[in-house]
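Reconstruct the complex from the two isolated chains, following the hints.
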Amino acid sequence: DQQVKQNSPSLSVQEGRISILNCDYTNSMFDYFLWYKKYPAEGPTFLISISSIKDKNEDGRFTVFLNKSAKHLSLHIVPSQPGDSAVYFCAPLIRGSARQLTFGSGTQLTVLP
Amino acid sequence: EAQVTQNPRYLITVTGKKLTVTCSQNMNHEYMSWYRQDPGLGLRQIYYSMNVEVTDKGDVPEGYKVSRKEKRNFPLILESPSPNQTSLYFCASSLGVPGVANYGYTFGSGTRLTVV
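So the sequence lines, in the order shown, correspond to chains G and H. Per my numbering, the first sequence starts with residue 1, numbered consecutively. Per my numbering, the second sequence starts with residue 1, numbered consecutively.
One chain only, chain H, in its complex shape (with noise of 0.2 Å):
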């Protein structure tokens, strides 16, 4: 089954305490995102990829990192994670980059994190 799969589901942790939250895809897409939804701002752009070593901040990168190392990996990191980045993450992958050839997002499930 073609997914994007997002690990852990749930993950409450403490503040400036290092987190990895994983991101594969069985597609074989070039493109990976990492998104962040919090309420009433709907769902905002963290990095992107547009292929293996090849990464860009989105529209709220600080205080992430991310590699892509393999086509099919696209970890967020928290090297030191704070309350206000307390939110519900989504990984997506595109064939290619969103809007050219009717290319949409294949979105993880999410990845709800709350940091105390």
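This is chain G alone, in the form it adopts within the complex (with noise of 0.2 Å):
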């Protein structure tokens, strides 16, 4: 039983265009998300945060967007670069929960130049 799903396993975009990368949850006692990136051969590197107070966080190039009623975050780069092309994950939290639950299955993303 996945509590985090990301739908999309892969997603192309042009070079300058905006990337959308959505994630899906079930549990409501999530309060806190994460997004991670992830290029070959490396580990994952912890990319930008959202905590359920607020409904969005930016950070430079990459926001993210909190739907807690429809339990969606979305993760928006913009613009998009051929760097950014990556796999990345979801991560949804109990803050203060020691026990860290399954990442989403990741979406990589391919950014065209």
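Derived from the structure by calculation, the hints contain no laboratory data. All the given hints hold, so there is nothing to weed out.
Chain G side only, calculated, beta carbon under 7 Å to chain H, not exhaustive: (1) GLU42; (2) GLY43; (3) PHE46.
The beta-carbon is built from N, C-alpha and C at its ideal position, and this holds for glycine as well.
And the structure:
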């Protein structure tokens, strides 16, 4: 029973355009959401996070939106760059709970030059 | 350089032969965790440790053991590996529990394990 789903295994966008990566979750107890980025042959790296008390968090070209009622979050990358090509994982948490649940299955983003 | 170091990067072994994957971090992080990554399933937590001598099961602990005798090291032990443990393994550490005070994980580069 996957509590977090990233339904698009892959996404291709043109350089300079917007990339939108989506994540849906089922557990209403999640109150903190992280995004990780993973290049081949490397471990994931923390990208951006959002607390459930917010609906938007922005960091440079990266913005995460949270819609709690829909149990949906999305990561926007504007403008997309070829170096953004990677696998992106969303990872919801129950804040303060040490047990990290399953990450999403990831979305492979390819930014075409 | 602040990092999480896993060894080995690649390992092929036979069913039933005990093995240990080492993990070490140099950031004085309290929280460490092991994950496995499988196609279509994302990253699943195997075990985690909140501090020295404090470990607990994650989502998929069967067939694995861990120990945390020192703050910097968190080895993953497969006492009797089986082919269904063929996977990509990641060790991760965090200053505190992820999600508290914006703590995120620092991941190692991964260990590709094949059990034949």
